[in-house]
Amino acid sequence: EPEVTQTPSHQVTQMGQEVILRCVPISNHLYFYWYRQILGQKVEFLVSFYNNEISEKSEIFDDQFSVERPDGSNFTLKIRSTKLEDSAMYFCASITTGTALLFGPGTRLTVL
Amino acid sequence: KNEVEQSPQNLTAQEGEFITINCSYSVGISALHWLQQHPGGGIVSLFMLSSGKKKHGRLIATINIQEKHSSLHITASHPRDSAVYICAVEKTSYDKVIFGPGTSLSVIP
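Listed in order, the protein sequences are those of chains A and B. Following the numbering used here, the numbering of the first sequence begins with 114 at its first residue and continues without gaps. Following the numbering used here, the numbering of the second sequence begins with 132 at its first residue and continues without gaps.
Looking at chain A on its own, in the form it has when it is part of the complex (with noise of 0.2 Å):
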């Protein structure tokens, strides 16, 4: 059965530095989410991107936060300048009309 992973499975990062979560989607699904969970907290959404580009994005995803798709599959979420609150589980996720919602199993960003 297909499915959406995650490299790193945790990324530990000095406060300030950048970071890079990679996620490689479903291959025919056509959208793509990231999602973060603080801890103890729901799920809250970031950004969703479709034909190459964001469609719509959160207000959490301030001018710190990019993804791009660079090869077609890797679908990658950059923290430019991470900040202590952004310590949190990332999730990617994809979908393609009529199938189900997949999840990767998440990177645990922890910003010290």
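One or more of the hints may lead you astray.
If you only want the chain B side, here are some residues facing chain A, beta carbon under 8 Å, derived [what the hints assert, rightly or not]:
1. F149
2. R211
3. P232
4. G233
5. P240
Just so you know, the hints here were simulated from the structure itself, not pulled from any lab data. The beta-carbon is built from N, C-alpha and C at its ideal position, and this holds for glycine as well.
With chain A held as given, fit chain B onto it using these hints.
Here is chain B on its own, set in the frame of chain A:
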């Protein structure tokens, strides 16, 4: 007002009980998803619904498009069902999948 609401927020049940979790939404949707997240775990898709009813093992999901309401039922609940259950809707535009706040279920042996 949130576009997707769930009730109850928290639920404790005895093993074997029949459980119902409700979801209501206020936007036009193309599909509704029920998701499960075990403590400290990933998010797993249980059902995708655009109409009617689906069953998978002890889980049953229904949706009423006219009333903008969906229910998730668990028959013969078991402690391993303890998790957060999340209702998520695909808005018609596909721009964003909106999550409900989740229902935290605890099944006691």
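Tested hints:
1. F149: violated (25 Å)
2. R211: violated (19 Å)
3. P232: holds (6 Å)
4. G233: At about 6 Å, which falls below the 8 Å cut-off, the nearest Cβ of chain A leaves the hint on B:G233 intact, so it holds.
5. P240: It is violated, given that the least Cβ distance between B:P240 and chain A is near 25 Å, above 8 Å.
In summary, the numbered hints that this structure violates are 1, 2, 5.
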